[in-house]
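Listed here are the chains, written in short residue letters.
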Amino acid sequence: MLKCSEVVEQASDFVDENLPWYSSLRIKMHLLMCVHCRRFLRHFSATIDLAEPAGRRQATATEIERVMKHIDDIDSDI
Amino acid sequence: MNSMGLTTEQEDDIALLKVQDHRAFENLVGRYHIQMLAVARSIIGESLAEEVVQEAWVSIYGALPRFEQRSSLKTWMFTIVGNQAKTRLRKESRTVSMEDEEQDESGYLSSGRFKPNGGWQSVPAIWDVETPDLLLEQTQLRHCIEHSLNSLPVTQGAVFTLRDIEQQSLADICNILGVSDSNVRVLLHRARLSLMQVIDRYQETGEC
Ligand SMILES: [Zn+2]
Chain D
1 MLKCSEVVEQ ASDFVDENLP WYSSLRIKMH LLMCVHCRRF LRHFSATIDL AEPAGRRQAT
61 ATEIERVMKH IDDIDSDI
Chain Z
1 MNSMGLTTEQ EDDIALLKVQ DHRAFENLVG RYHIQMLAVA RSIIGESLAE EVVQEAWVSI
61 YGALPRFEQR SSLKTWMFTI VGNQAKTRLR KESRTVSMED EEQDESGYLS SGRFKPNGGW
121 QSVPAIWDVE TPDLLLEQTQ LRHCIEHSLN SLPVTQGAVF TLRDIEQQSL ADICNILGVS
181 DSNVRVLLHR ARLSLMQVID RYQETGEC
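Chains as they are written, first to last, in the working numbering: chain D, 1 to 78; chain Z, 1 to 208.
Just so you know, these hints were derived from the structure itself, not from any lab.
For each residue, glycine too, the CB sits at the ideal point set by N, CA and C.
There could be a bad hint or two in this list.
Listed next, the in silico BS3-like pairs over lysine-lysine satisfying Cα-Cα at most 25 Å (straight line) [to be verified]: (1) D:3 to D:28; (2) D:28 to Z:115; (3) Z:18 to D:3; (4) D:69 to Z:74; (5) Z:91 to Z:18; (6) Z:18 to D:69.
Far from chain D by the CB rule (all over 10 Å, computed), these chain Z residues [unchecked claim]: (7) 70; (8) 73; (9) 91; (10) 183.
Distance windows between CB atoms, simulated [said to hold, decoys possible]: (11) Z:171 to D:53: 17 to 27 Å; (12) Z:18 to D:1: 51 to 61 Å; (13) D:23 to Z:115: 20 to 30 Å; (14) D:62 to Z:208: 21 to 31 Å; (15) Z:76 to D:76: 17 to 27 Å; (16) D:75 to Z:171: 48 to 58 Å; (17) Z:128 to D:28: 20 to 30 Å; (18) D:76 to Z:167: 34 to 44 Å; (19) D:25 to Z:50: 27 to 37 Å.
This is chain D alone, in the form it adopts within the complex:
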């Protein structure tokens, strides 16, 4: 029987579908019986899903201007 600590160790490979089928199956069997690991994986997946909306940052106007200044310099050289 797979240990809870092993479920945690393999969680990323499991959700990224990077495990051989039998390892993935062992995790699924464990999840059927272990409420704590079920909660862990629910939270783990939610964390990954909110990364994109929570983590995406737009550059500031100043940052964009600095890049565009370089681009304008090049364009005027041509």
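Start from chain D and add chain Z with the ligand according to the hints.
Relative to chain D, chain Z with the ligand alone:
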């Protein structure tokens, strides 16, 4: 959607970008500058990252008319900034210390979290809400997440940004950052668990 997973809108943008339309390019910079910095920083370090990214934007602008869409636009851009950072690193002939390896493994990867038999010693925290949408409605939590992403070790931050924010494949990430597959997987896993612990803490204390 075509086979590259592009919507028509994105294809219109690419058509404009290929003729070096300034407004479209400005939008592109706004959208990706921070992520480009994360890539450069992880390869060359904080002090030269900004300079490398500025040069990469100039290269990207110049090369856009020849962009052939063999990969997605962002994969192509991340590869350019990654390559320029690696080239610069060789010129500087110095090594950037990788603090990621030394990180202490607290939380979910610490041995104290589990009993000797591998069962939970301290079980995962209970969350009041569990869906991403509801979690994101909490402004303070968003602030905590942003803060924790900014404090990740740089290579973890870059791997996490590329994978979970920009949805790049693990193979592309290895290529962009010049990091092995096993390393990318370890770094990604650590970053995800750190972020999850931020949410755990927030659920328990209401603070970061
Ligand atoms: Zn378990």
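Per the hint of 17 to 27 Å, is the separation of the Cβ atoms of residue 171 of chain Z and residue 53 of chain D within bounds? The hinted range 17 to 27 Å holds for residue 171 of chain Z and residue 53 of chain D, with Cβ atoms some 25 Å apart.
Given as non-interface: residue 91 of chain Z, which should sit over 10 Å from chain D by C-beta
holds (20 Å)
Straight-line Cα separation of residue 69 of chain D and residue 74 of chain Z no greater than 25 Å?
holds (22 Å)
| Between residue 18 of chain Z and residue 3 of chain D, does the CA-CA distance stay at or below 25 Å? | With a Cα-Cα distance of about 53 Å, the restraint between residue 18 of chain Z and residue 3 of chain D is violated, given a limit of 25 Å.
Once the closest CB in chain D is found, is it more than 10 Å from residue 70 of chain Z? Label holds. Min Cβ-Cβ 24 Å, cutoff 10 Å.
Practice task
Measure nothing beyond the straight line between the CA atoms of residue 18 of chain Z and residue 69 of chain D; if it is 25 Å or shorter, mark the hint as holding.
Solution key: Holds, at roughly 19 Å.
Quickly compare the C-alpha distance for residue 91 of chain Z and residue 18 of chain Z to 25 Å and report which way the hint goes. violated (31 Å)
Checklist entry - Regarding residue 18 of chain Z and residue 1 of chain D, is the given constraint of 51 to 61 Å on their beta-carbon distance met? => result holds (56 Å)
**OP:** For residue 62 of chain D and residue 208 of chain Z, compare the CB-CB distance with the range 21 to 31 Å and indicate the outcome.
**Re:** holds (27 Å)
Tell me if the beta carbons of residue 128 of chain Z and residue 28 of chain D are separated by a distance inside 20 to 30 Å.
holds (27 Å)
Quiz item: Has the hinted range 17 to 27 Å been met by the Cβ atoms of residue 76 of chain Z and residue 76 of chain D?
Solution: Holds - the Cβ-Cβ distance for residue 76 of chain Z and residue 76 of chain D, about 26 Å, lies within 17 to 27 Å.
| query | Does the hinted range 34 to 44 Å hold for residue 76 of chain D and residue 167 of chain Z at CB? | reply | holds (37 Å)
The structure fails to meet hints 3, 5, 16, 19 from the earlier list, while all remaining hints are met.
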